[in-house]
Amino acid sequence: ETGVTQSPTHLIKTRGQQVTLRCSSQSGHNTVSWYQQALGQGPQFIFQYYREEENGRGNFPPRFSGLQFPNYSSELNVNALELDDSALYLCASSPGTGLNSGNTIYFGEGSWLTVV
Amino acid sequence: AQKVTQAQTEISVVEKEDVTLDCVYETRDTTYYLFWYKQPPSGELVFLIRRNSFDEQNEISGRYSWNFQKSTSSFNFTITASQVVDSAVYFCALSFYNQGGKLIFGQGTELSVKP
Numbered sequence: 251e252t253g254v255t256q257s258p259t260h261l262i263k264t265r266g267q268q269v270t271l272r273c274s275s276q277s278g279h280n281t282v283s284w285y286q287q288a289l290g291q292g293p294q295f296i297f298q299y300y301r302e303e304e305n306g307r308g309n310f311p312p313r314f315s316g317l318q319f320p321n322y323s324s325e326l327n328v329n330a331l332e333l334d335d336s337a338l339y340l341c342a343s344s345p346g347t348g349l350n351s352g353n354t355i356y357f358g359e360g361s362w363l364t365v366v
Numbered sequence: 128a129q130k131v132t133q134a135q136t137e138i139s140v141v142e143k144e145d146v147t148l149d150c151v152y153e154t155r156d157t158t159y160y161l162f163w164y165k166q167p168p169s170g171e172l173v174f175l176i177r178r179n180s181f182d183e184q185n186e187i188s189g190r191y192s193w194n195f196q197k198s199t200s201s202f203n204f205t206i207t208a209s210q211v212v213d214s215a216v217y218f219c220a221l222s223f224y225n226q227g228g229k230l231i232f233g234q235g236t237e238l239s240v241k242p
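Protein chains in written order, with my numbering: chain A, 251 to 366; chain B, 128 to 242.
Bear in mind the hints are in silico, worked out from the structure with no lab data behind them.
Values in this document were obtained by computation on a predicted structure and should not be read as measured data.
One thing to keep in mind: the hints can contain errors.
[To be verified] Here are a few chain B residues that face chain A, going by a calculated C-beta distance under 8 Å: (1) V212; (2) A215; (3) Q234.
[Stated by the list, open to error] Now the in silico label distances, taken between C-beta atoms and shown as ranges: (4) S257/A x S200/B: 36 to 44 Å; (5) F319/A x A208/B: 27 to 35 Å; (6) Y191/B x L289/A: 21 to 29 Å; (7) R190/B x R301/A: 24 to 32 Å; (8) R155/B x P258/A: 17 to 25 Å; (9) P167/B x P345/A: 36 to 44 Å; (10) Q196/B x E303/A: 47 to 55 Å; (11) Q196/B x G266/A: 26 to 34 Å; (12) Q267/A x A128/B: 34 to 42 Å; (13) P345/A x S200/B: 38 to 46 Å; (14) E237/B x R265/A: 44 to 52 Å.
The beta-carbon is built from N, C-alpha and C at its ideal position, and this holds for glycine as well.
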């Protein structure tokens with residue numbers, strides 16, 4: 251039990267649509283990050299939020315955006331969905347102080363997105 | 128380059144066998160952190176261990192043990208007396224002092240333990 255919960259668990263969207271994925275992390279975990287995991291691959295870092303601001307981003311286009319709220323919840327939004335966006339999206343949280351953490355990172359069970 | 132390589136894509140063993148999962152990493156940073164995660168079919172990444180670059184002591188936790196060798200940039204994971212419940216995909220990952228929640232993952236090793 252990591253204390254990180256995600257919703258929805260599964261969803262199907264059509265190419266070109268927009269999707270919002272939600273995450274609730276543990277109280278006190280100020281840092282939240284999102285990962286994309288394609289089938290058979292390791293997770294890829296999308297971005298990280300600390301105190302409601304993005305402070306680190308991987309190699310993903312601007313149509314991937316996020317929000318972090320004061321109540322330790324966060325969202326991942328993906329616009330103009332493409333077939334290659336089909337993947338497991340993982341939310342992770344840690345008690346770190348943003349960039350300079352190195353703390354243990356705890357993951358949720360993920361949201362399986364299928365784009366058709 | 129910062130990279131994690133798990134050369135073993137799939138491993139299959141029979142219950143009670145010992146198995147070692149290999150992890151080799153690349154970095155020029157002197158401060159970094161290494162992790163192992165287990166991913167069962169449900170998808171959740173389960174944290175197993177975190178090790179910082181200044182602590183090369185090997186660690187044992189029950190049937191699990193980890194061998195960290197900076198000289199060979201390796202952080203290998205051994206399961207002793209494997210059980211069917213150990214079947215999962217195992218990921219090795221790397222993070223850095225100045226990059227917070229960003230983990231660089233290897234491709235994963237799928238372990239199948241047969242009864």
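Under the constraints set out in the numbered hints, which ones does this structure not fulfil? Hints 1, 2, 5, 7, 8, 9, 10, 11, 13, 14 contradicted; others consistent.
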